[in-house]
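Going down the list, the sequences are from chains A and B.
Residues 1 to 289 in this note's numbering are what the first sequence spells out, letter by letter.
Residues 290 to 570 in this note's numbering are what the second sequence spells out, letter by letter.
Hints were generated in silico from the structure; no laboratory data involved.
Among the hints, erroneous ones may be present.
As the list claims (entries may be wrong) - Restricting the straight-line Cα-Cα distance to at most 20 angstroms, the calculated cross-link-like pairs of lysine-lysine (PhoX-like) are:
id: 1; chain 1: B; residue 1: Lys528; chain 2: B; residue 2: Lys510
id: 2; chain 1: A; residue 1: Lys287; chain 2: B; residue 2: Lys510
id: 3; chain 1: B; residue 1: Lys543; chain 2: A; residue 2: Lys284
Computed from a predicted model, the values in this text were never measured in an experiment.
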Amino acid sequence: MSCVLELKNIGFTYGKGTPFEKRAVDNVSLHIEQGEFIGVIGHTGSGKSTLMQMLNGLIRPTDGQVLLDGRDIWAEPKKIRQVRFKVGMVFQYPEYQLFEETVYKDIAFGAQNCGLQGDALDRAIRDAADFTGLPPALLDKSPFDLSGGEKRRAAIAGIIAMNPEVLVLDEPTAGLDPMGREVLLSQIVRYHKERHNTVLLVTHSMEDIARVADRIMVMNKGRLALFEPTREVFRKGDTLRGYGLQVPQITRIMQDLRRRGLDVPEGVLTVDEAFAALLPLLQKEGKLW
Amino acid sequence: MSFISIQDVCFSYEEIEEGKHVTNAVDGVSLEVEQGEFVAIIGHNGCGKSTLAKHLNALLLPDSGRVLIDGDDTAVEDNTYAIREKVGLVLQNPDNQLVASIVEEDVAFGPENLGVEPSEIRRRVDAALRAVDMYDYRGHAPYRLSGGQKQRVAIAGILAIQPQCIVLDEPTAMLDPSGRQEVISTLLKLNRTQNITVVLITHFMDEAVLADRVVVMDSGKILTQGTPGDVFSQVELLKKHRLDVPQSAELIHKLRGCGLQIDKIPLTQEDCVALLEEAMR
Numbered sequence: 001m002s003c004v005l006e007l008k009n010i011g012f013t014y015g016k017g018t019p020f021e022k023r024a025v026d027n028v029s030l031h032i033e034q035g036e037f038i039g040v041i042g043h044t045g046s047g048k049s050t051l052m053q054m055l056n057g058l059i060r061p062t063d064g065q066v067l068l069d070g071r072d073i074w075a076e077p078k079k080i081r082q083v084r085f086k087v088g089m090v091f092q093y094p095e096y097q098l099f100e101e102t103v104y105k106d107i108a109f110g111a112q113n114c115g116l117q118g119d120a121l122d123r124a125i126r127d128a129a130d131f132t133g134l135p136p137a138l139l140d141k142s143p144f145d146l147s148g149g150e151k152r153r154a155a156i157a158g159i160i161a162m163n164p165e166v167l168v169l170d171e172p173t174a175g176l177d178p179m180g181r182e183v184l185l186s187q188i189v190r191y192h193k194e195r196h197n198t199v200l201l202v203t204h205s206m207e208d209i210a211r212v213a214d215r216i217m218v219m220n221k222g223r224l225a226l227f228e229p230t231r232e233v234f235r236k237g238d239t240l241r242g243y244g245l246q247v248p249q250i251t252r253i254m255q256d257l258r259r260r261g262l263d264v265p266e267g268v269l270t271v272d273e274a275f276a277a278l279l280p281l282l283q284k285e286g287k288l289w
Numbered sequence: 290m291s292f293i294s295i296q297d298v299c300f301s302y303e304e305i306e307e308g309k310h311v312t313n314a315v316d317g318v319s320l321e322v323e324q325g326e327f328v329a330i331i332g333h334n335g336c337g338k339s340t341l342a343k344h345l346n347a348l349l350l351p352d353s354g355r356v357l358i359d360g361d362d363t364a365v366e367d368n369t370y371a372i373r374e375k376v377g378l379v380l381q382n383p384d385n386q387l388v389a390s391i392v393e394e395d396v397a398f399g400p401e402n403l404g405v406e407p408s409e410i411r412r413r414v415d416a417a418l419r420a421v422d423m424y425d426y427r428g429h430a431p432y433r434l435s436g437g438q439k440q441r442v443a444i445a446g447i448l449a450i451q452p453q454c455i456v457l458d459e460p461t462a463m464l465d466p467s468g469r470q471e472v473i474s475t476l477l478k479l480n481r482t483q484n485i486t487v488v489l490i491t492h493f494m495d496e497a498v499l500a501d502r503v504v505v506m507d508s509g510k511i512l513t514q515g516t517p518g519d520v521f522s523q524v525e526l527l528k529k530h531r532l533d534v535p536q537s538a539e540l541i542h543k544l545r546g547c548g549l550q551i552d553k554i555p556l557t558q559e560d561c562v563a564l565l566e567e568a569m570r
């Protein structure tokens, strides 16, 4: 595997030299490999959004370097636009950014600016719509006639159509109902599997991220507090609570059972895993048919 | 008579284009909520729960049926202001509902508009900010607060009107886990210590399990209702209607499917651990 993104001691200070000076990100260094699915968690104000905005040059770090495919993205500030095509960013509540006459044109906007034309453009749009679960019949509609969930999908499709090497999603499921969350999440997982692109998913839902991420970044007070495989991170319940975060309910239940002497594995992340772990134990006790 | 009485209410949004099939956003809902109750309403996006919430303080009026608040019909214009003093509404996005540049001025906005005496406003603002644990921030600018803090200021703004009931439409959707915790514990405290009726609309099942009663809506109708224990036992029904159950409930439901004899569906971590430990013996 090759390293797609590398951060070298990056930091960012808002309002430098003013009374409101605030160190939002402090001395973060890390590597992300091509094709990884990374979860990003941290409470409000932990610096995770600021960090994400530095990944595609929306804000310029006040210290350190961001390397994309080994090149400093700020080496030639005039070419920063190219970086934004390679690192696609889906902001919170992206449905407010829709503006075109039709869904098709809206999805096309970014890809067109990347230089895609003709058949390639058409295919990129239709593939992106498919990945996000937008039926072709909706493509000719005005984006403003769609439901909230459909608008969200259209906005995400607009980024996916650019086929970014790295896709950053900031709380893509906020405000959706449980099934809507589930469907959108599984579509992102499918996109990741089929395209083998790198995905960074910022979320407040520990239950969701536990199921999908390879590794998790935990931000606290502007610093990278943890960056480890998902199972390792959720083993550290007490540490996470100290950062104002939680581990999934199912992980806590299994931890409690383990503490009480039951022979169940550590760091269980999903209901299915817990079920699989408990089944043989209950069978042995003759509690099942 | 109940504090809130919703009687066979139907409501549809007018479609701008002609010839479109108009479906009722709220379709024949009847619901009674007693003073001091904590009711959670759950349901997927578009099930009509927000539309129903807007009927509770006369922001929307029923096409047919009636909504009575403390005995007053919301459709009678003379009642509107009295009803809005009794039922306050908190919305999803905290940034859309704070109006002033200082926290305490924002909280004072409601009582000022009602023409309350200045000394009484001062007293109410202080009490409201203390109730939501934001008194230390009274001189701050709202935009510098976290999401959870902003929502608590919004709740304080409603408390300053001294309502009998607070209706909240997904107040925690935009908050992080600790912000959610702050808002929910504030609501529980207000409900238990001041007997304020709370109607909480939410997509988070871990919030709904804390209510006295859970109402499940689907396609503008009430699908089922009952105590959290009763409602979340119906795992299949909820899943079929795009809803979720707590992970503890899902685990026990799956184990029951393999023959495990457990009658109760646990909603919390503690209950689930106790039940499983018991089963292992």
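Checklist entry - Holds or violated: Lys287 of chain A with Lys510 of chain B, Cα cutoff 20 angstroms? => result 40 angstroms, violated
Checklist entry - For the pair supplied as a hint, Lys528 of chain B and Lys510 of chain B, is the alpha-carbon distance within the 20 angstroms limit? => result 17 angstroms, holds
Checklist entry - Is the Cα-Cα distance between Lys543 of chain B and Lys284 of chain A 20 angstroms or less? => result Since the Cα atoms of Lys543 of chain B and Lys284 of chain A sit roughly 17 angstroms apart, the hinted pair holds (cutoff 20 angstroms).
Against the hints set out earlier in the document, a violation occurs for number 2 only.
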